[in-house]
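Residue 207 in full-length UniProt numbering sits at position 207 of the sequence shown; the count goes up by one each step and never skips.
To be clear, the hints were calculated from the coordinates, so they are not data collected in a lab. Hints should not be assumed to be uniformly reliable.
[Unchecked claim] Quick list of simulated restraints, FRET-style, between CB atoms:
{"hint": "1", "residue 1": "Glu120", "residue 2": "Asp322", "range": "34 to 40 angstroms"}
{"hint": "2", "residue 1": "Leu245", "residue 2": "Ser380", "range": "48 to 54 angstroms"}
{"hint": "3", "residue 1": "Asn369", "residue 2": "Ser172", "range": "31 to 37 angstroms"}
{"hint": "4", "residue 1": "Phe215", "residue 2": "Arg468", "range": "56 to 62 angstroms"}
{"hint": "5", "residue 1": "Pro546", "residue 2": "Pro276", "range": "32 to 38 angstroms"}
Model, not experiment: these values are computed from the prediction. No residue lacks a Cβ here, since even glycine has one placed at the ideal position from N, Cα and C.
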Amino acid sequence: MSDLHQRLDRARAVCLHCHARKVDTAHIPPAKYWLNELRPRGRRPYPARVHATKEIRGLSRPEVRKQATESSLSCSPSSSSHSSQSNTRARITSREPQAFVGELSFMAPWATQQDYIIPEPVIAVQDEFSKEMIRAASATELPTKGQVTAFADSYFEHLYHRAPIIDKTDLSKENPSILVLQAICLVGSLLRHTGLGSPLGEAERYYCKVKTLLFANHEPDQRNVLKALCLLSFRNLTPPKVVSLDCSWQWLGMATRLAYQMGLHRESTYEQLPDPGNARRIMWSLFVSDRLQTACFGRPSIIRASEFDIRLPVLEDFEQKDIRAEMFLQHTNLNVILGGIVDRHTQKIETSQNEGISILESLRQCINNLPGKLRLFEESHRRSFRKDIYEFHINYFVCLIVFFRLFGHSFPTLTASTASLVASSCIARLYEEILYRDEMNYLTPLHNWFLMVSCAPQIHHNATCQGRDNICNEELPVLINALRYMRLKSPPAGVLLDIIERLSGVASNGMAQSNSIAANSQGSPSAEESWLTQLPHAGLLNSLFPFPGSLSPRLSMMQAKNDESNDLVGFDRTLEQEDDDLEWIFNEYQLNYFDASFV
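Go ahead and model the full structure; you've got the sequences and the hints to work with.
The structure is reproduced here in structure tokens:
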């Protein structure tokens, strides 16, 4: 027993000695305390972020740099003279930056800064399979230089203003990335007109080559990998009801997570990056695509605003500071607002009328503060046609319809339905101009969703007036024809087209007779006055449409103060009797949602 007592006494002494050295942690949050205790004594403070800036030791040797460079410039397995062992060595010692590790990580700082060795048997198997994949798909074989140049020109002319991912220097350097070139060929082939055959077959070949190069880890530069993933997100032939890895949603997610690994969601990362302007453009392109797909599919956003702290892009971030660069800046500003609208809805944040007015004020500033050369009109005269400017304004009007669909309950029904109908009318007129010039071919699948949204107010209003509104009868077919063109290269748009045509026919045949019993009733004397002057917040509503009446006949009605024409009276009475919103249209869409691809 004495021996036991001695051991207990010694344990108590040690315990008391330890407690004497402990600090009072009552006022320290547990997580913060443990992070502090994990820091090694005598070292520099634990960094707030471990950024992708530290290189693996031993990379400064000339022979290592030479091996890594030669490996990265190899165009095909047959052109490489390296053995499996040299490939393994190049991969182990390549100049790979470290992945981003956030401040909440429990990793000790030295754990992310150590040399690493990948077992040679693992590398040997990977190399074997990679070579076989690349050989079978002929993934490193490019078309002629003339074809690549033509595909690149199509990208810069028709897509760069929405996704400034690739710079011309990426393609003109001495040894451009094979992966980036194949991705450019994919996008360029998707932008081709349908000739003797569909361009989808040609595009699919490039698509398979890009996937092969990605999964074979052929590209050593992760920035180039990120660029390819971003471009892949513009290819989508899979309807949402199909669970698949071959869809734009999947590629967007992969690109975003790779960007997270590279720390591109943190402003402090950019101080240490080569070509930070390009990286910033890539990250904001991902943000905009993420918010648009969230609005379309109703799926959770991949990028959380609370974890995204990089500044907005500016002209200095572009290689060429031209109108396409300015257009991307405006697209970004607009869709940041759309992202806020969607986030409020998905997070079920109650939105008061004053908060809704604040969002509309942001949209008003966005459209009214456009640089002169990006406007549709110079004073009252239409500027020369530019598809990218038309696309921006279509996007703007879609934002208005989405806002009033999600938060229209905060406003009188007349205000919400009127604004949505006018926005839809403007969209129809813009698509009509694009159709006249045969430019529908260059629109991305995102316009499937734009067209779906813009059809809803037309169908709703047509149902209310039993198909007797001449403007609706003129504009709705324009939107339907635009969808028919989209179907040529976006097959899932055909299902969406069937939905729209079915709803249009039902609406014209009197689906909403119960909602329009009073449509032919006599209005009050005040009904002959402009409906705009009677709307709550009429000044703000009018300022959301700073366009001359020549853009849309609905705008002429808005801007008329005391027009006593019969057409205006009929329009006014119809709107006054609309006690329903657009929800039933979108409910009909939702019934067929999983059979159509909107993005």
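I'd like to know which numbered hints this structure contradicts. Please list them from smallest to largest.
1
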